[in-house]
Amino acid sequence: MNAILSIAKTTIGEAIRRKVLLIILLIGVLFLVIAPGLNVLSARSSFAVLISFTLGVIQLTGAVIAIVLTVYLIPNEIERRTIYTILCKPVHRWQFVLGKYFGAVGALGLMMLLMTGILLLVFKIMQPTATFDVLGEIARGPVFFFIQMSILAAVAMCFSVFASPIVNFFLSGGVFMVGTLFSPVFQDLANNQNLAGPVKMAATAIHTILPNFAQYNIQNPIINQGVTIQSEQLYYVGLLGYAVMYIAGLLIGAILIFDRREV
Amino acid sequence: MKLKSPVALGILALAVLGQGGINRALFPLWEKNFSPRKGDLRGLSGDQLLVALAGFREMIAGILWVRADTYFDQGNYDAILPIIRLVTMLDPRQIDVYATGMWHIGYNFTDEQSRSDRRYIPSALALGSEGARNNDYTYELFFETGWLWYHKIDDNYGKAVEWWKEAQEREDMQTARKNILTMALLRDGKLEEGLALYNTLLTDAEKKMADATNQDFQIRQNRDTLESNMDNLLVRMAQRGYFARKGGYEKEWKYDTDPPYDVGFSAQVVVEDRKILRVEGTWNVQPVGTRIRIVLRDAMDVNDPGFVAAGMDWDSKSTVDLDPEKDVTFMQDGLFVKNQAFYRRIDMSRDPTMYPFTKEKYFVEFYYNPRSAPPHIQDRFGFSGEGMGDKNYLNTEIREGQRVVYARLELTRDQILRQGEWASKTPVIRTVNFVPTGTSSQQEVFEVPGLRGAAAAPGQPGQ
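In order, the protein sequence lines correspond to chains A and B. The opening position of the first sequence corresponds to residue -17 in the working numbering, with each subsequent residue numbered one higher. The opening position of the second sequence corresponds to residue 850 in the working numbering, with each subsequent residue numbered one higher.
It is possible that part of the hints are untrue.
Reference listing, derived: stretches of chain B covered by chain A, where coverage requires no fewer than 3 residues with Cβ under 8 Å from a Cβ of chain A [said to hold, decoys possible]:
1) 864 to 875
2) 910 to 918
3) 932 to 946
Hints are computed from structural coordinates only; laboratory data are not their basis. Just so it is clear, the structure is predicted and the values come from calculations on it, not from any experiment. We put the CB at the ideal spot given by N, CA and C, even for glycine.
Just chain A, with the same shape it has in the complex:
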């Protein structure tokens, strides 16, 4: 456990020092800070515009950070040969992979926490009467984006044990797009009574295997307040369970591949 924690801490430190990540974060923060400017332009639906825009910025920035951060983690260690100094110590490969992953998620969490803090601050300045309940409601969006990005980081981590960073960037980005866009489509196909059996089965299989990023987009009722949500707590617990299962599956896959890889 200590080995995992040590690797994770080092990974967080490395991530925070990486200029490319800081630039992405800075751009995200800049968009969050200028977001209230949109309110001046939008006399109507100003709340919806502010929240939809800022949550969108956090999600987009989070996705870019998650991919850029993770795709380089293992290939860089191999390329710089620093991996040998780690693996020659009593550190197992699975501990190395887990340490790297938790480090990446930790760094991602810190960056998303910063953006969420700025979002809440901006919102409080714009709406001084907003209570803690309202702020908590808004913060719920970024919390689930963080879980969504943790899955994305696991996807990128899994690819990073066998693919080069550039290939991994497009692969992970593609999986994110497909998992966000096509999960509902495959679900619809799987439920379509008019389709042939094999097509439905294929759709069900793809829907089951693909990471379903779409279901972490829970911002709609935050933006359009007043919507009644059914079984809300159960749904959130389910989302957490899904993330744990999916991440566990990906990390085990990554460990098994990494174990067999010549390094």
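Following the hints, put chain B in place on chain A, whose structure we already have.
Then chain B, alone, in the frame of chain A:
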């Protein structure tokens, strides 16, 4: 500790099965509660589509709505239409966008004389209907769609009743807005249902007042308003002879609506110039402020089921189509009555897209429905026109259960465009009973009859 492959594979299999099961269980919940719902995204450009589909639909919708606001401020109303459609496609839960969009489509496209383009109304209603379906957890879009029927169309109150009854079923309906359903019921001729609703609302308001720990002003005001409205309605129903007619003893007493009053409607339309009409006529009612509806529209078979006298099939669109039918001409205006006559110059020459005049023949319709009249006029004309008459143009057929005034004249395209044989002749069409009123040369004098006899001289106290 080395991770053993069989154990790892076992955990992997469990994780894959577990996530698959959870995914299948969660997805319906997400679709029901959190999905922006399925929208037709064909109107989006490639880049918008990409970002929208990548899970940023709400964000794009917000940015587009900001753009729409800029266009509102610039008065560029045409540019707002596609944005409204895009935003509602991307995020069909933006109630404000639906409501603002309906209002914008229904009210803001006007000609140079501020007459709105009513060809857009079916689209506005379709947008409201779509919004209500997509947001059926709240009363808001049911109310807004009903309001379009009640206020803008201002004729078919039965439709407003239907929508507001749906709104009333939602728990979040504001108390003050609940009262308005009674107004629609009364205008729809459903007096007893309106009275019963007043009664229910009053009972609720009294209960609310009794339960309230503090005597909130609004709660008290709402209760008092309901009681006052109910009292007024009961008095009106009695004085207008409703109860007597229902009981079959209307002959025993003279009610305010007896005998039907002849409004003496007559009208003349002169095509002064190309697409410019001068309309004048008589309306034998003293109080100032009556508006008689005039409609100029493409002629059609009056026996066609789609024909609506002095209106159109407002509910004709089931999908939102923001392009009105470009070859249809439909002009509607209100003729303001003063000193028992009306006069108006209608200039359609500066709005060729709104008035394309592509057909050969046109109807000019005059229409007055007492159900749209203010209460002091209804005191004489009755709830549904039972106290109103007209020797020539009283009509009991075009609106079921109502007595309205309706006259239809015809013009040809050549007459309106002053072309062909009408290039040098002035077309004039009139009702059989028309006598010149001289209203066009009359000064802006309002003769308001005093309640106690002769009008007071300027500077003198009333008699």
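Checked hints:
Counting residues of the region 864 to 875 of chain B whose beta carbon lies closer than 8 Å to any beta carbon of chain A gives 10, which meets the minimum of three for the stated coverage. Restraint check on the region 910 to 918 of chain B versus chain A: 6 residues with Cβ-Cβ distances below 8 Å, three needed, restraint holds. Restraint check on the region 932 to 946 of chain B versus chain A: 6 residues with Cβ-Cβ distances below 8 Å, three needed, restraint holds.
Taken one by one, the earlier hints all hold for this structure without exception.
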